[in-house]
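Engineer: Dock chain to chain to rebuild the complex, using the hints, since each chain is given by itself in its own frame.
Top to bottom, those sequences are chains P and Y.
Residue 174 in my numbering sits at position 174 of the first sequence; the count goes up by one each step and never skips.
Residue 264 in my numbering sits at position 264 of the second sequence; the count goes up by one each step and never skips.
Some hints here could point you the wrong way.
DSS-like, lysine-lysine: derived pairs with alpha carbons at most 27 Å apart [as the list claims (entries may be wrong)]:
{"no.": "1", "chain 1": "Y", "residue 1": "110", "chain 2": "P", "residue 2": "20"}
{"no.": "2", "chain 1": "P", "residue 1": "134", "chain 2": "P", "residue 2": "110"}
{"no.": "3", "chain 1": "P", "residue 1": "282", "chain 2": "P", "residue 2": "257"}
{"no.": "4", "chain 1": "P", "residue 1": "257", "chain 2": "P", "residue 2": "270"}
{"no.": "5", "chain 1": "Y", "residue 1": "110", "chain 2": "P", "residue 2": "21"}
{"no.": "6", "chain 1": "P", "residue 1": "33", "chain 2": "P", "residue 2": "159"}
In case anyone wonders, no lab produced these hints; they're calculated from the structure.
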Amino acid sequence: MGVILRDLRKEFDSPDDRQKKVVAVDNINLDIKEGEMVTLLGPSGCGKTTTLRMIAGFEVPTAGRIFLGGKDITNLTPDQRDTAMVFQNYAIFPHMTVADNVGFGLSLRKIPKAETAQRVDAILELVGLAGMGKRMPDQLSGGQQQRVALARAIITEPKVLLFDEPLSNLDAKLREQMRLEIRRIQQHLGITAVYVTHDQSEAMAISDRIVVMNQGRIEQMGTPWEIYNRPRTSFVADFIGQVNFVEAEVVGSAHQKLDVKVWGQVIAIKHAEPLPVGTLVKLVLRPEAVHLDEQQAFATGVVNRAVYLGSVVEYDLIVEETNLHAVVSSPIEKGIHTVGDQVSVYFSPEVVHVIPA
Amino acid sequence: MLSTPAAGRRLRPVLHDLGRLLREPWLLISILLIFAMLGIFIALPLVKVVQMSISTDGTPLQIYTELFKSWYMRRAFTNSLLLGALSALTSVVVGFVLAYTVTRVNIPFKRLIDMIAIIPIISPPFVSSLSILLLFGNNGLITYNLFGIRNFPIYGIRGLLLAQTVTFFPVAYLSLKGVLEAINPALEDAAFDLGASRWAVFRRVTLPLAVPGIASAMLVVFIESLADFGNPLVLAGSQFPTLAVQAYLQITGMYDLPGGAALAVTLLIPSITAFVLQKYWVSRKSYVTVSGKPTRSTVKAVGPVMRWVLFGFAMLVCLVVLGFYAVIVVGAFSRAWGFDYTFTWRNFSYVLDVGFETILDTLTVAVTSTPISGLIGMFIAFLVVRKRFLGRSVMEFTSMLSFALPGTVIGIGYILAFNQRPLLLTGTLTILVANFVFRYVPVGIQNGIAALHQIDPSIEEAATNLGANSQTVFRRVTLPLISPAFFSGLVFAFVRAMTAISAAIFLVSADWNLMTVQILNQVGSGRLGAAAAFSLLLVGIIVVAIILIRLIVDRLFGVRFETRF
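Next comes chain Y alone, as it looks inside the complex (with noise of 0.2 Å):
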């Protein structure tokens, strides 16, 4: 037998791994648990959505050749599909842009730039939207106030596509200039120096350098643009159906849980892709060169009308985003938006008449669920970094995939795995806190990831020679070490938790209800002035819990950290 020695081989390894996990047994009962964990709230959930959509008496696959006879669910996925595409470019190019003036070009308010870049991302993904009716809509400040029309063809994809590129674009923005900072100078000035005009040099170096940087966060945008369910709810209109609402509806409306799970599948199998590409090709092909004397040339990258049109671009994104929110803050304090726009503080106290249980069930769900999200994220990544042990890779793979299934998917998985005993769930709190903690793990692990790789093992085997067990290095020194990615992504996953909307529509009970579904139930029901006020309260809690945990985080740790989103 030839193959006998062959396996053999490969077994070996597996063996010898296994003999060291045997030697540290809370390390082996750890990571079972944690196996045990993402297997019931991140695989099981899934499972169950497939499961459901093609268990029926009759063929396999009936339910999807039944659903897709319809030509409004084909259009479902083709709009789906067609603004994920649009929304992405539109996105990366708007965020590129904007990335290449912030790191190449000498021009004022950068600073402002980063935190107009910052403030889509700390507010409900559906906000811009909320905006748009505002501003568009049958009583919109433009149409309606400034040039008397009234039915103006904002819903579908013009709107969207507004929508989703205001929202989606600091995504892009942030990434790209990580990308573009991390693009060694020397290399743009020796093709300057090569004798390579600014345009050449843009066009030959910088552009290709920044190529898997840019096609990364389009497929970013892209699962980000198909998950959205806020902004296609409250600007779809009927004449533009998208695979998230519908859905939602199917499920909500029609009592048709197969044809929802359906729906939800079929949503699934482009968001996969997209995160396969991203995560297994394109990462694979950056060319990120660390230098070590970062000296940027003091010679301009652009020449002076360049610069300017750079600058005039940069200053009205900072104004449409500007613009999109000071529209929320007026529409939160008048009296009825389109016709009086007096002062008052009626909105706000509707909203705390109505929804102040729900504030405080929002909080208990964000403030539970997002240092477990923490922990559990930079101990995965703290065994996928550091250990080896059988699965590892299946262990970063499942926990990483969470980021690219869309939240309907999970809610249908969730209310589908959880609505018996032993795991009777529905409409509680932990259902909640599960969704959430295992959503925004991935970016604890990834931030985790990052801040491990920077840290030279030689650190960690330091402290093991001078006598310390594998518990007390990880509590000694690699925890400090990586804490202050920690608590950044313990920003990112509170900001999350606040806002987020299409998997928790499906998981909010009598008992527990959220703030953001609250607010989508009051723009469906056109008290738009309501919605913004909840919109502005849920900003500004947001807000104060970052300053919070910052000067906490400070005071008790002593940890300065960047908020990274």
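Bound conformation, chain P alone (with noise of 0.2 Å):
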């Protein structure tokens, strides 16, 4: 089932000062489909797990409401509300058996014991701890807790799961592949999902849609494709990967193209509305849009840093007096500048932004 957002406000009481109000969530409005994976996103205090803990109704909304499935659930407690969550430090009853914890949602449902038994071997067997129910989560590694968190939370067939930062725990190569395998289970069981994290490229590998929160509200949201490429404002465009701001002017505007002068050259860029011309923007260029050496060239750089990586060379290169930042792959076959080498500088017009200054 889908879950509507509709003008959701929560403020808190300021710690500092009690007759003062915080606003962690400012009227967000958002329409998740069913069956899809939708990943809040955003630095930490931008509002992402209040606007879960509201869904999952562990905080009560100041304003707005929440419909699942059409049916208006904001006055309802977490208990009489269809949602599973799986918590950032798993939240694993220590007190229970891995079959317990995973059973616990079960038995609250009255489930007669054997059939308990069966749902919970089947969900242990899909998530990859097939064998393990007896243990103690105190007998558990972090990426099997992990499991049994999510285990817990699928098996009374939520309409909505819940993910609150649940890779944070975890190391770099265990998260690649917990994130893919949450995934594979979210698509296997069709289930509409709701994923916070601060991680991009977590928000980039799982989801179907990325809702990008600044200070409490929508920055912008988008496929994984649309957030990367087309990012709406400086702060999406900076926090989702490397980027650099490229300054231009506007010079002519038709057929939803722009010509926009920078380092002294006339370029041609896509944009949807026309622009006065005149007007100041910033190209979006990622560094690995860079390139350097090509037959074309926009602009000359000097070499001011470079950083071998193995599979790719960091460069900072200053062109036109300004820093840019270049990411170029393969140095086997390009070859590495060092410090103070001269490099010619192009992009495609293709892939650059338009943003507003």
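Structural biologist: Okay, here's the thing in structure tokens:
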């Protein structure tokens, strides 16, 4: 079932002054379709976790409504909602075995013991913990605890699965493995899911749609492709991956294209709305889109710093007295520049994207 | 010989430890010194009591068989156990409900509840008995003044259970509050989220997670109730003998030292059993989970009706405690309790007249013993947590043991151990100070150990790395970091030194007397007004002293600390 957030707002008492309020979530509207995996992405304190906890029912919204499958659930307590959450620290009951943890939700629903045992086994199999039902939580590794938390959440077949930074306590390798696993299971079950994280690569890897949040507001929502390649604000561009903001001036505007002057050159760039001539804009240029030593060139730069990372080389270039970050792949083919080298700089007009200055 | 290499392997780390100790002579000397003191002031008295109770011409256990031929003594044994078990139950129930209400329910006056819970802890343990006498005794406010009943049956288990519950529920409350606060709120949220009702969350998650803490609190109250001397002496009457009181009467009334010692040893057995259970079994089972992000749900843990019920209960408890103490205040300023409630200073002038010397004595003993106890406690904690040496666990156990030893046992042990040269201490200031130092050192040790475990060893390693030796690390890094624990331990030791009675009653003399002993004497001779005035004075001194200690510590050391009991 889909989830709809309408004008959702949450204020907390300020810790410094009880008279004042802190707005954690500022009038959010969001439609999540059935079976969709949506990630709330943003820096800490942006309101993403508060939004998630309101969907779960742990926080009561100051204003606004929450709908699940068309039904208003704003005033229901967490136990009355068909949502299940995977917590950041897993929140596995330390006094119960793995099987008792996973079967907890079923026992509350008065499911017969035999059936519970069967379903627990099946779910443990699904999350890759077959045969570990009798263990106590403290006998599990971090990754296994994570799987128990996931199994416990999905066994009751909730309508929405909620994830609160579930991978933040795992090491990098396990994190990458688990996020694929979570995605696989979510798609296998066809369940609607909301995922909270501050890790942009995790969000890119796992989501159908990403909602970038900042200071309690939605900054932009869209597919991972849109968020990365067509960021609407400098905040989004900056938060998702590395980025160069190149200053430019509009010199002409026609047929959904803008002529902009950058580094003394005029370049035609796709842009839906026309802008008046003379407007200052920023070009969003990803470091990996910067090409060095091509046939064509927009400018000449000087290498200020070069870091060899094996698969890529990272350069800081000085172009027209400003810094430009470039990432060049396959150095074995293209060679490595050293500090002080002069290089020609080019990018395809197709890949850059215009945002307001 | 197959066992030689194995023995060698076992011996090698020991030799290694020894080698390291020899390189730090000051450390070795202080370890030996502490062992000597623990031996003399904790182990020796204990050995003397046991020795006294079995060394006769006949069979080894003759004294016990003689003693427990009497149904009265057998009754004392069962009474003590019964009272201990019941007190543990009622105190923990009251303490748990209160702790749950304060930690999980949104109610006003939480700070008031905390303050109310502190009052019984900083007063002499028998004050609630005094209140009960003033309320329900022969001239009681409720029984006589309200209902005209002269001999309401308040003596015996009814009154005692009430008195001990009021005295000991704060102990359970404070420790269970800590237990409930330490439960990761996400666990309750998770259960709630999975569809558990509020009641199911409580029954299947909160309560099971708190069970080790509940068991531990029960055992602690059980130990305290067994050791309680003041309340039974005032309220037990002749129909309800208890071990602690009978041991005292056997010695002071019948001059039967072996008999008293045997009763004390009988008292010792359940106490030590409970202590060992608490320390080595229950505490191992705790599920304390520390969460990185303490986001307590704003969704309430209880429904509106339950909220009112719990709030009502909390207020009732506060009212009872306040009532008990209000009675003491009124009693202290009344002409003749039960007959003439007109205001008077007479009780106070009488108390200052007969007791001024005693007040000075009490302060001298408390002020001397408190810092010594605190320092030794911190030092033992440091040794136990940070150093490796032979007998480390023996040191920890012996120093913690005195918490489990009922004061009666220690008191008798001290008069037996220190009544001849070269350790002729009976009747002196030293014996009282030594008693308090070693009785309350476990609290300092516990605070110190907890504080040290909070400090990452790498902080101390950093200092060593920069060139500081062991002494400098302790003085410049460790000590400042654990000083809040040190000072809160000081306050506790001071309060206990001011209010203790069960061991001290054996050790006071004409030269060195204590306020608690004198208050009990006043109660014994029926001067309840004077006893009330004296108690009030004692509590007043303690409150002023706590405020002073905090001010001085804050001003001199810049350390703000929490007073924990």
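Engineer: Could you run down the list of hints and mark each one as holding or not?
Structural biologist: Verification of the hints:
1. With a CA separation close to 23 Å, the supplied pair residue 110/Y and residue 20/P stays within the 27 Å bound.
2. In summary, the hint linking residue 134/P to residue 110/P is supported, as the alpha carbons are separated by about 21 Å, within the 27 Å threshold.
3. Under the criterion of a C-alpha separation no larger than 27 Å, the hint pairing residue 282/P with residue 257/P is consistent with the structure, at around 15 Å.
4. For a cut-off of 27 Å, the pair hint linking residue 257/P to residue 270/P stands: about 4 Å separates their Cα positions.
5. Proposed proximity of residue 110/Y and residue 21/P is supported: the alpha carbons are some 23 Å apart, at most 27 Å.
6. Distance restraint check for residue 33/P and residue 159/P: the Cα-Cα separation of roughly 12 Å lies within the 27 Å cut-off, and the hinted pair is therefore satisfied.
No hint from the list above goes unmet by this structure.
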